[in-house]
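Asks: Sequence:
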Amino acid sequence: PKPKSSKKSSNKKPDSEASALKKKVNKGKTEGSENSDLDKTPPPSPPPEEDEDPGVQKRRSSRQVKRKRYTEDLEFKISDEEVDDADAAGRDSPSNTSQSEQQESVDAEGPVVEKIMSSRSIKKQKDSGEEVEVEEFYVKYKNFSYLHCQWASVEDLEKDKRIQQKIKRFKAKQGQNKFLSEIEDELFNPDYVEVDRIMDFARSTDERGEPVTHYLVKWCSLPYEDSTWELRQDIDQAKIEEFEKLMSREPETERVERPPADDWKKSESSREYKNNNKLREYQLEGVNWLLFNWYNMRNCILADEMGLGKTIQSITFLYEIYLKGIHGPFLVIAPLSTIPNWEREFRTWTELNVVVYHGSQASRRTIQLYEMYFKDPQGRVIKGSYKFHAIITTFEMILTDCPELRNIPWRCVVIDEAHRLKNRNCKLLEGLKMMDLEHKVLLTGTPLQNTVEELFSLLHFLEPSRFPSETTFMQEFGDLKTEEQVQKLQAILKPMMLRRLKEDVEKNLAPKEETIIEVELTNIQKKYYRAILEKNFTFLSKGGGQANVPNLLNTMMELRKCCNHPYLINGAEEKILEEFKETHNADSPDFQLQAMIQAAGKLVLIDKLLPKLKAGGHRVLIFSQMVRCLDILEDYLIQRRYPYERIDGRVRGNLRQAAIDRFSKPDSDRFVFLLCTRAGGLGINLTAADTCIIFDSDWNPQNDLQAQARCHRIGQSKSVKIYRLITRNSYEREMFDKASLKLGLDKAVLQSMSGRESAANGVQQLSKKEIEDLLRKGAYGALMDEEDEGSKFCEEDIDQILLRRTHT
Numbered sequence: 001p002k003p004k005s006s007k008k009s010s011n012k013k014p015d016s017e018a019s020a021l022k023k024k025v026n027k028g029k030t031e032g033s034e035n036s037d038l039d040k041t042p043p044p045s046p047p048p049e050e051d052e053d054p055g056v057q058k059r060r061s062s063r064q065v066k067r068k069r070y071t072e073d074l075e076f077k078i079s080d081e082e083v084d085d086a087d088a089a090g091r092d093s094p095s096n097t098s099q100s101e102q103q104e105s106v107d108a109e110g111p112v113v114e115k116i117m118s119s120r121s122i123k124k125q126k127d128s129g130e131e132v133e134v135e136e137f138y139v140k141y142k143n144f145s146y147l148h149c150q151w152a153s154v155e156d157l158e159k160d161k162r163i164q165q166k167i168k169r170f171k172a173k174q175g176q177n178k179f180l181s182e183i184e185d186e187l188f189n190p191d192y193v194e195v196d197r198i199m200d201f202a203r204s205t206d207e208r209g210e211p212v213t214h215y216l217v218k219w220c221s222l223p224y225e226d227s228t229w230e231l232r233q234d235i236d237q238a239k240i241e242e243f244e245k246l247m248s249r250e251p252e253t254e255r256v257e258r259p260p261a262d263d264w265k266k267s268e269s270s271r272e273y274k275n276n277n278k279l280r281e282y283q284l285e286g287v288n289w290l291l292f293n294w295y296n297m298r299n300c301i302l303a304d305e306m307g308l309g310k311t312i313q314s315i316t317f318l319y320e321i322y323l324k325g326i327h328g329p330f331l332v333i334a335p336l337s338t339i340p341n342w343e344r345e346f347r348t349w350t351e352l353n354v355v356v357y358h359g360s361q362a363s364r365r366t367i368q369l370y371e372m373y374f375k376d377p378q379g380r381v382i383k384g385s386y387k388f389h390a391i392i393t394t395f396e397m398i399l400t401d402c403p404e405l406r407n408i409p410w411r412c413v414v415i416d417e418a419h420r421l422k423n424r425n426c427k428l429l430e431g432l433k434m435m436d437l438e439h440k441v442l443l444t445g446t447p448l449q450n451t452v453e454e455l456f457s458l459l460h461f462l463e464p465s466r467f468p469s470e471t472t473f474m475q476e477f478g479d480l481k482t483e484e485q486v487q488k489l490q491a492i493l494k495p496m497m498l499r500r501l502k503e504d505v506e507k508n509l510a511p512k513e514e515t516i517i518e519v520e521l522t523n524i525q526k527k528y529y530r531a532i533l534e535k536n537f538t539f540l541s542k543g544g545g546q547a548n549v550p551n552l553l554n555t556m557m558e559l560r561k562c563c564n565h566p567y568l569i570n571g572a573e574e575k576i577l578e579e580f581k582e583t584h585n586a587d588s589p590d591f592q593l594q595a596m597i598q599a600a601g602k603l604v605l606i607d608k609l610l611p612k613l614k615a616g617g618h619r620v621l622i623f624s625q626m627v628r629c630l631d632i633l634e635d636y637l638i639q640r641r642y643p644y645e646r647i648d649g650r651v652r653g654n655l656r657q658a659a660i661d662r663f664s665k666p667d668s669d670r671f672v673f674l675l676c677t678r679a680g681g682l683g684i685n686l687t688a689a690d691t692c693i694i695f696d697s698d699w700n701p702q703n704d705l706q707a708q709a710r711c712h713r714i715g716q717s718k719s720v721k722i723y724r725l726i727t728r729n730s731y732e733r734e735m736f737d738k739a740s741l742k743l744g745l746d747k748a749v750l751q752s753m754s755g756r757e758s759a760a761n762g763v764q765q766l767s768k769k770e771i772e773d774l775l776r777k778g779a780y781g782a783l784m785d786e787e788d789e790g791s792k793f794c795e796e797d798i799d800q801i802l803l804r805r806t807h808t
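Residue 30 in the UniProt record's numbering is what sits at position 30 of the sequence shown, and the numbering runs on without skipping anything.
It should be emphasised that the hints constitute simulated quantities derived from the structure, not laboratory data. It is possible that part of the hints are untrue.
Here are the simulated lysine to aspartate or glutamate pairs, EDC-like style, with alpha carbons at most 20 Å apart [claimed, not checked]:
1) Lys274 <-> Glu320
2) Lys245 <-> Asp191
3) Lys527 <-> Glu579
4) Lys612 <-> Glu454
5) Lys433 <-> Glu463
6) Lys375 <-> Asp200
7) Lys168 <-> Glu136
8) Lys168 <-> Glu135
9) Lys488 <-> Glu518
10) Lys387 <-> Asp196
11) Lys383 <-> Glu252
12) Lys375 <-> Asp479
13) Lys278 <-> Glu320
14) Lys387 <-> Glu514
15) Lys387 <-> Glu268
16) Lys115 <-> Glu130
17) Lys324 <-> Glu272
18) Lys142 <-> Glu131
19) Lys115 <-> Glu155
20) Lys375 <-> Glu453
21) Lys274 <-> Glu254
22) Lys142 <-> Asp191
23) Lys422 <-> Glu371
24) Lys245 <-> Glu268
25) Lys278 <-> Asp263
26) Lys324 <-> Glu351
27) Lys512 <-> Glu574
28) Lys171 <-> Asp200
29) Lys608 <-> Glu518
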């Protein structure tokens, strides 16, 4: 199935509406909004685009189609400061543009280009009938969302006075970063045109006196400062309904007191939460325990082992408090990398209105204006009435932005990864002590086992009146030598800390086994592998300075493509088919298929493995980094007539869910699910599958673990088998060993990294010397290898391969 284009038409907007935007917006001004560009007239629509993408159509294969590409690193953001020092401010954010500047952007001759993302040459007919080649640029306009990105020629963009300098800079940067453009096949992240939430609305009239409604939209995966005003017809109706439901709530100003301890009752079974979610037995026990402590006004530590759902237990605990009539405000403080997961679980399990408070000063100002407080009809903040039920924020925000959060009387705070508080003198503790926190819950998967001092730090934060003095505590427990002292400390901890291990509670979580299959390069691949190395031998041998790194990275990308499938290398497919004709009958119906399979060791293996899995009644997820690699696999599945589904960055929210549902329904005939490791890594539950094939490994091993967790998670009843394909004696093998070391390093290092790190960044973190070593080692393997290894591999049957070439 062909995924939908990630671009909506921007020519839906009639000119009359665009000009109507110059009229006054009939809407109360909000307090403190004088300097907020977001609070003004929505900007007009950019010019409509001539050649919109054609509609959705069925395709057999899209590999021959030249497709859009994106990498986030390649969005050349051209600040006006770089182009012209006269306008040094640039656009820090919509929220810091003055009234006159905003008016200027509405009245200007044409929209200003914020960034150029790609270029192409196309043939156009002049009025005289003559065909000319025109260069076009894919541009995003300043103060417009990605919905309005479009292809435009220099002529179309001339109204932007600096367009020539911007194009010049784009071309210079494009030359430097050529090697990155193969990683993704999108011009920008499709999330950027998915509505995350609506924050406000404005009504105006067009020239005909017809009413026009605009909504202020925060987009998925973009910060609040990139919010834009959009017309009603460009927005998902479900999101508008969600916003209207939120706005229909009555502001609450009366404080509801916590019920007395006697009111606590143990829940014997889990209630049904949003999306028919239910707690598992041990999770229910955890929520009961948290509620018991809350009723008894005792702060506590939930110290379950990682993977038992501390996040879900905390969220449902807050929701239970909400159902008792205390509608917040609640605060969750967590490491940056876990914030998307917290937000997702809140939305999956509850109806609470949750806001992520994070980002630049401009983004935070936008949140304060639109997301935090109810306002009266005159736009003044109603004291003590909070629009949100819970705020999720990071440790850093507590340090940098305390004033805004300090003024709120929090009914409950949940602190994730609470071992960050173990240092008694850390600024974080100081910041938290200045906040009004009625009830505190700490979460940690590593309960305090280092020193008794660290333990005191946490206990003192939780219950300062019970643990006032470090000296007294250290005298009693500083030197744990006797059994009696240990028991006494345990007795103090027992009511305050709950700790369970996986093996204690999840007797029925299916086992997971990972098998690494060493795949041989076919003779065709070896030829290309050597050619890439020989072509680049000059700079591989000379070493040199930093300027050489793009060349090295380019070589890595080419070798990586070669290991996956040589068809990914420009021009290789045609040559391989020509050579294949010499030994095979070109008229044979499966000529193309056989050529494609025989060209790559990994596809040879897939072709042997899938029939075995199908016969065994298994269902399979196949993950790859490269969208073009998924195209080849899709081609293969179509020709082998295996029913499949596919998700990559181009498949949008609702279509994505529909594909998951088709695969997951009990009587589904879908055998394979193709996924892009990064698109398929987050928030997708595919426990219908019990086999996972990692076609090419990620530089960041955390991403592969997330991918595996799609099918190996609580709820999976069958044992899960993971096959990881690694090309033997290649640089891919070296890269995998490096990634394994990385995984073995302290998890904390990985957890502090953002999960959305791009593949390019993952490579960039290697030093130049490491890259050279990798390439040289891989090169040695490819050049020294015996020719017949590849042929032998192609002839072995799957059982021999699984016997001889795997390790778990």
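Asks: It remains to establish, for every hint, whether it holds in the given structure.
Replies: Status of each hint after checking the structure:
no.: 1; hint: Lys274 <-> Glu320; in the structure: holds (13 Å)
no.: 2; hint: Lys245 <-> Asp191; in the structure: violated (24 Å)
no.: 3; hint: Lys527 <-> Glu579; in the structure: holds (13 Å)
no.: 4; hint: Lys612 <-> Glu454; in the structure: violated (54 Å)
no.: 5; hint: Lys433 <-> Glu463; in the structure: holds (12 Å)
no.: 6; hint: Lys375 <-> Asp200; in the structure: holds (12 Å)
no.: 7; hint: Lys168 <-> Glu136; in the structure: holds (14 Å)
no.: 8; hint: Lys168 <-> Glu135; in the structure: holds (13 Å)
no.: 9; hint: Lys488 <-> Glu518; in the structure: violated (55 Å)
no.: 10; hint: Lys387 <-> Asp196; in the structure: holds (17 Å)
no.: 11; hint: Lys383 <-> Glu252; in the structure: holds (10 Å)
no.: 12; hint: Lys375 <-> Asp479; in the structure: violated (57 Å)
no.: 13; hint: Lys278 <-> Glu320; in the structure: holds (13 Å)
no.: 14; hint: Lys387 <-> Glu514; in the structure: violated (47 Å)
no.: 15; hint: Lys387 <-> Glu268; in the structure: violated (33 Å)
no.: 16; hint: Lys115 <-> Glu130; in the structure: violated (32 Å)
no.: 17; hint: Lys324 <-> Glu272; in the structure: holds (16 Å)
no.: 18; hint: Lys142 <-> Glu131; in the structure: violated (32 Å)
no.: 19; hint: Lys115 <-> Glu155; in the structure: holds (17 Å)
no.: 20; hint: Lys375 <-> Glu453; in the structure: violated (47 Å)
no.: 21; hint: Lys274 <-> Glu254; in the structure: violated (27 Å)
no.: 22; hint: Lys142 <-> Asp191; in the structure: holds (18 Å)
no.: 23; hint: Lys422 <-> Glu371; in the structure: violated (33 Å)
no.: 24; hint: Lys245 <-> Glu268; in the structure: violated (33 Å)
no.: 25; hint: Lys278 <-> Asp263; in the structure: violated (23 Å)
no.: 26; hint: Lys324 <-> Glu351; in the structure: holds (14 Å)
no.: 27; hint: Lys512 <-> Glu574; in the structure: violated (41 Å)
no.: 28; hint: Lys171 <-> Asp200; in the structure: violated (39 Å)
no.: 29; hint: Lys608 <-> Glu518; in the structure: holds (14 Å)
Against the hints set out earlier in the document, violations occur for numbers 2, 4, 9, 12, 14, 15, 16, 18, 20, 21, 23, 24, 25, 27 and 28.
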